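Trainee: Counting from 1, one number per residue, gives the positions in the sequence shown under my numbering.
Hint data in this document are derived by calculation from the structure and do not stem from the laboratory.
Keep in mind it's a predicted model, so treat the numbers as computed, not measured.
Errors might be hidden in some of the hints.
To be verified - The calculated DSBU-like cross-link candidates involving lysine-lysine, where the alpha carbons are at most 35 Å apart (straight line), are: (1) 69 - 43; (2) 43 - 104; (3) 69 - 93; (4) 104 - 114; (5) 69 - 109; (6) 104 - 93.
Stated by the list, open to error - Derived DEER-like restraints, expressed as beta-carbon distance ranges: (7) 30 - 136: 25 to 31 Å; (8) 116 - 65: 58 to 64 Å; (9) 62 - 39: 22 to 28 Å; (10) 136 - 34: 29 to 35 Å; (11) 52 - 72: 44 to 50 Å; (12) 26 - 47: 42 to 48 Å; (13) 89 - 66: 50 to 56 Å; (14) 100 - 71: 29 to 35 Å; (15) 116 - 52: 20 to 26 Å.
Glycine is no exception: its CB is placed at the ideal position from the N, C-alpha and C atoms.
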Amino acid sequence: MAISPINSTNTQSQSASLASMGLDMQSLLQIILTQLTYQDPLKPVDNFEFVSQLAQFTSLEQTRQLTEKMDSLLSVQSATQTLGLLGRTVDIKTDSGQLTGIVKGISFKENEPKLTLETSGGQFVADATLSQVITVR
């Protein structure tokens, strides 16, 4: 039973596909162990190929961990940026056009910061996202 080496050109999509299949580093090592247990004694796995597979699995796991840490860092950075907007006047892009208001509150829904604005007319606009902000004054 031969396992072809993983091509490391698109590691992030591979990590996502492995996660969707429920595979982690332990599962991948189990696959290698199974491969070694049931290999044909007349055609053993080449040492270079075996070490190459181990290195690719290790690289894949490290990339997955790095991606998780980067996602966490981006979430914290987004929250920090949003806190700096409290009390500031911002212009946001909405479906009906551009809207100007003062940021009166911040909430976090689905791990994303949402702004609550008060317009000059006294109306409140809730759930504006950072991506909608055009200008900060």
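Trainee: Starting from the hint 29 to 35 Å, judge whether the C-beta atoms of residue 136 and residue 34 obey it.
Mentor: 56 Å, violated
Trainee: Can you tell me whether the CB distance of residue 26 to residue 47 sits inside 42 to 48 Å?
Mentor: 23 Å, violated
Trainee: Has the hinted range 58 to 64 Å been met by the Cβ atoms of residue 116 and residue 65?
Mentor: 36 Å, violated
Trainee: Are residue 69 and residue 109 close enough, with their CA atoms no more than 35 Å apart?
Mentor: 20 Å, holds
Trainee: 20 to 26 Å was suggested as the range; check whether the CB atoms of residue 116 and residue 52 agree with it.
Mentor: 54 Å, violated
Trainee: For the pair we were handed, residue 104 and residue 93, check the Cα-Cα distance against 35 Å.
Mentor: 17 Å, holds
Trainee: Is the hinted pair residue 69 and residue 43 satisfied, with a Cα-Cα distance of at most 35 Å?
Mentor: Roughly 41 Å separates the two Cα atoms, so the pair is violated.
Trainee: A range of 50 to 56 Å was offered for this pair. Does it hold for the Cβ distance of residue 89 and residue 66?
Mentor: 38 Å, violated
Trainee: Given the hint that residue 69 pairs with residue 93, does the C-alpha gap stay at or below 35 Å?
Mentor: 31 Å, holds
Trainee: Is the straight-line distance between the alpha-carbon of residue 43 and that of residue 104 35 Å or less?
Mentor: Distance of about 70 Å is beyond 35 Å: violated.
Trainee: Honestly, do residue 30 and residue 136 meet the 25 to 31 Å range at C-beta?
Mentor: Since the Cβ atoms of residue 30 and residue 136 sit about 52 Å apart, the hinted range of 25 to 31 Å is violated.
Trainee: Is the straight-line distance between the alpha-carbon of residue 104 and that of residue 114 35 Å or less?
Mentor: Holds: residue 104 and residue 114 sit about 11 Å apart, inside 35 Å.
In terms of the numbered hints stated before, the structure departs from hints 1, 2, 7, 8, 10, 11, 12, 13, 15, listed from lowest to highest.
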